[in-house]
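Novice: Model the full assembly from the supplied sequences, consistent with the hints where possible.
Using the working numbering, the first residue of the sequence shown is number 1, and each one after it goes up by one.
Derived by calculation from the structure, the hints in this document are not laboratory data.
One thing to keep in mind: the hints can contain errors.
Listed next, with one range per pair, are the computed distances between beta-carbon atoms [what the hints assert, rightly or not]:
#, residue 1, residue 2, range
1, L146, E69, 29 to 39 Å
2, L95, R199, 51 to 61 Å
3, K150, Q59, 35 to 45 Å
4, N116, L18, 42 to 52 Å
5, S156, G65, 47 to 57 Å
6, A186, L146, 19 to 29 Å
Simulated crosslink set (BS3-like; lysine-lysine; CA at most 27 Å straight-line) [unchecked claim]:
#, residue 1, residue 2
7, K114, K134
8, K133, K148
9, K80, K66
10, K160, K134
11, K86, K120
Where is the CB? At the ideal position from N, CA and C, for every residue including glycine.
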Amino acid sequence: MMGRYNQSLDTFREAEDLSTRLDHEIFHFIGELLLRSSASRNQVEMALKEQQEAKLYFQKAIQTGKKLESFQRLAEIHRKEKDYSKAIEVLESCLLLSPENTEVLTEIGVLYLKMNETQKAFDRLLEVIQFDKKCLRGLMAFGAILQKEKFIVAISSLRKAIWLSPLNYNSLYNLSLIYISAQQYASAFHTLAAAINLRQDNAECFMLLGVCLRKLEDFDNAYVAFERATAMHSSSPLIYLNCALFCYETGRLAMAIEQYNRFVSSSENLMRLPTEYKFQATKLKSLLKISSSHLLLSPISETNDNNYNSNNKNDDASDSGNRLCTMEDDPHEVPRDEDEQQQQKLQTNSEGTN
1 MMGRYNQSLD
11 TFREAEDLST
21 RLDHEIFHFI
31 GELLLRSSAS
41 RNQVEMALKE
51 QQEAKLYFQK
61 AIQTGKKLES
71 FQRLAEIHRK
81 EKDYSKAIEV
91 LESCLLLSPE
101 NTEVLTEIGV
111 LYLKMNETQK
121 AFDRLLEVIQ
131 FDKKCLRGLM
141 AFGAILQKEK
151 FIVAISSLRK
161 AIWLSPLNYN
171 SLYNLSLIYI
181 SAQQYASAFH
191 TLAAAINLRQ
201 DNAECFMLLG
211 VCLRKLEDFD
221 NAYVAFERAT
231 AMHSSSPLIY
241 LNCALFCYET
251 GRLAMAIEQY
261 NRFVSSSENL
271 MRLPTEYKFQ
281 ATKLKSLLKI
291 SSSHLLLSPI
301 SETNDNNYNS
311 NNKNDDASDS
321 GNRLCTMEDD
331 PHEVPRDEDE
341 QQQQKLQTNS
351 EGTN
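Specialist: Written out as structure tokens, the structure reads:
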């Protein structure tokens, strides 16, 4: 075919017309050519039209033959259309032809993850590991489930603790941190509201409340929460830096500069701050065009600075004390070291309870 899609397509269409029987090979290759042609189209309407025609030919191919690739291509189209249940149905039929196909099993597991069917994804990906312990994509997807399960266990334990002791501030606070890490911002909001009702003098709670409201796109109330947090004159520089990031994102530049300066003045030793704090503060300083004698960058973060695209907007503030949200965080990923950081935070709060 060599990239000559139109010429090849004409040849296979002619073969389809001349064929005296329904040939699944011809149907498959016509579908393949249409799918490749649609991917190279600049016009969206034409690309979608060819993709729909390709889907029809792949359906003909699996009805008249048992070609594995036809099932996979049809599932690929369903996935592009975000019809994950239909894609899984096609791939499950594919397993009847090749029950130990790790590529197909992995794809089914990933699709179940997209549908938040964690248990079904776990079962399929476990089969992948049993068949091929070196399947990289299967191992990565399986690892994502295990990471998610850690949050589920932590949430379950803390909810039980709150059920036994509804007025336990530390349990509510820790649960809100876990919810934020698991990107369950609505649940985190309600938990933080309960914690604030018990202790209204904690600036970090209001900062975290601002995070949740920002993620829920309630920017006005998020600003009020950050304002309350900074008004308490906390000794935590992270509160002022997070507020400055939020203010810059929402166009409150004067407020962003003020909070940045408070961040600098509240930091006893800037060079001892975590690298991520220094990195984000330096980005913000550059974007706000602040002239200052304070040196925030260590040699390591200067290297990161050269590789950073300063055109990106700030994302938001993050959870208290342990991690600063970067300006370009991926909202579907949790950093590798976040579990360790959350455990340290939980241990700190547990000691405070005792």
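Novice: With reference to the structure, classify each hint as holding or not holding.
Specialist: Okay, the hints, checked on the actual structure:
no.: 1; hint: L146 to E69: 29 to 39 Å; in the structure: 32 Å, holds
no.: 2; hint: L95 to R199: 51 to 61 Å; in the structure: 54 Å, holds
no.: 3; hint: K150 to Q59: 35 to 45 Å; in the structure: 41 Å, holds
no.: 4; hint: N116 to L18: 42 to 52 Å; in the structure: 48 Å, holds
no.: 5; hint: S156 to G65: 47 to 57 Å; in the structure: 48 Å, holds
no.: 6; hint: A186 to L146: 19 to 29 Å; in the structure: 25 Å, holds
no.: 7; hint: K114 to K134; in the structure: 23 Å, holds
no.: 8; hint: K133 to K148; in the structure: 21 Å, holds
no.: 9; hint: K80 to K66; in the structure: 23 Å, holds
no.: 10; hint: K160 to K134; in the structure: 38 Å, violated
no.: 11; hint: K86 to K120; in the structure: 15 Å, holds
This entry does not satisfy hint 10, going by the numbered hints stated previously; all others are met.
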